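Participant: Residues per chain are reported as follows:
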Amino acid sequence: LDAPAATESGSWDEILQGTDWDPADFKLQQEEDQMIQQALNTLPVTFRTAVVLCDIEGLSYERISEIMVCPIGTVRSRVHQGRVLMRKAFEEIGNRGKTQ
Amino acid sequence: MTGHEEWQELSAYIDDALSPEERSRLDAHLPGCEDCRLELAALRYTKKRLAATPRRAFPPELLSDMEQRWDAGVWRSNLWAGVLRPNSYRRWVPAGAIAVAALILGLWMKLHHAEDELPIELLAAAHSRYSAEGLIPGDMVASNFSAELEQMHHHEHDD
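Sequences listed follow chains H and C, in order. Mapping of the first sequence onto my numbering: position 78 corresponds to residue 78, and the numbering continues sequentially without gaps. Mapping of the second sequence onto my numbering: position 7 corresponds to residue 7, and the numbering continues sequentially without gaps.
These aren't lab readings, by the way, just hints derived from the structure by calculation. Careful, some of the hints might be misleading.
The calculated lysine to any residue pairs, modelled on SDA-like cross-linking and capped at a C-alpha distance of 25 Å, are [claimed, not checked]:
(1) C/LYS47 with H/GLN38
(2) C/LYS48 with H/GLY94
(3) H/LYS88 with C/THR53
(4) H/LYS27 with H/PRO71
(5) H/LYS88 with H/GLN38
(6) C/LYS47 with C/GLU5
(7) H/LYS88 with H/GLY73
(8) C/LYS47 with H/PRO71
(9) C/LYS47 with C/GLU21
(10) C/LYS47 with H/ALA89
(11) H/LYS88 with C/GLU6
(12) C/LYS48 with H/GLY73
(13) H/LYS98 with H/LEU28
(14) C/LYS48 with C/LEU30
This structure is a prediction, so every number in the text was calculated from the model and none was measured.
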């Protein structure tokens, strides 16, 4: 009974050996993605846009200033403010999860 | 979180977007200021979490479909037909966003001669610009844009 079930291509242990996929990790990642999406959705659109373009899409401040049609100083301020708001949103969502 | 004017510069410090003078000033300030170091660590962590957000790959067949439509002028006619139709907000907003995305995409490809590359940033950027201008519902973020386009693409092909 302790022997792993055999398949045509070998035992499950052999098949799964070397793969780093873990259902628990997958679930955690899904929850994390949902949390980020929820947190993003709480941001005013200008801050959300700046943060998404900078941190998710990886664009430079110059490119973001062209896209949002605003000076680089404004981009700098929006990215910073967006990250501060994201952090607060993460904390709020996290605290809500603890009390439920 | 008040009283530290340096905090406004910390995000740009992380993104390497400060002038050399500003950077030197912060480099000199940070070793002696624990508050700023803690704030910097918190901002770095936030950026790292955001950067880990999965992005959808832009499907190549959708790209070629967009190119064909652009060549055929369908984007422009969709946009103007939608704009001119009264009470058609829900229909013309996506068409308008896609038209702009296609315009930027077309220009980008002509400038860079990079037909094989997938400039998702520009598409996402076009979407974000429209989001910022309030033309697209707020629950769509840039990272969803390719998924939205893909869905529309499949929807059209299923019809």
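Participant: All the hints need checking, so say for each whether the structure fits it.
Facilitator: Okay, the hints, checked on the actual structure:
1. Taken as a hint, the C/LYS47 and H/GLN38 pair is honoured in the structure, with Cα atoms around 16 Å apart against an allowance of 25 Å.
2. A hinted pair counts as satisfied when its Cα atoms are at most 25 Å apart, and C/LYS48 with H/GLY94 qualifies at roughly 17 Å.
3. In summary, the hint linking H/LYS88 to C/THR53 is supported, as the alpha carbons are separated by about 18 Å, within the 25 Å threshold.
4. Of the pairs offered as hints, the one joining H/LYS27 and H/PRO71 is violated, with about 41 Å between alpha carbons and a cut-off of 25 Å exceeded.
5. Restraint check for H/LYS88 and H/GLN38: satisfied, since their Cα atoms lie roughly 12 Å apart, inside the 25 Å limit.
6. Restraint check: the Cα-Cα separation between C/LYS47 and C/GLU5 comes to about 20 Å, which is no more than 25 Å; the hinted pair holds.
7. A threshold of 25 Å between alpha carbons decides the hint, and for H/LYS88 with H/GLY73 the separation of about 23 Å falls inside it, so the pair holds.
8. Under the criterion of a C-alpha separation no larger than 25 Å, the hint pairing C/LYS47 with H/PRO71 is consistent with the structure, at around 22 Å.
9. Using a Cα cut-off of 25 Å, the hinted pair C/LYS47 and C/GLU21 holds, with the two alpha carbons roughly 24 Å apart.
10. For the given pair, C/LYS47 sits about 14 Å from H/ALA89 by alpha-carbon distance, which is consistent with the 25 Å threshold.
11. Taking the CA atoms of H/LYS88 and C/GLU6, the gap is about 19 Å. The hint holds against a cut of 25 Å.
12. Taking the CA atoms of C/LYS48 and H/GLY73, the gap is near 22 Å; set against the 25 Å cutoff, the hint holds.
13. For a cut-off of 25 Å, the pair hint linking H/LYS98 to H/LEU28 stands: about 15 Å separates their Cα positions.
14. Distance hint between C/LYS48 and C/LEU30 is fulfilled; the C-alpha atoms sit about 21 Å from each other, no more than 25 Å.
When each numbered hint is compared with the structure, a violation occurs for hint 4 only.
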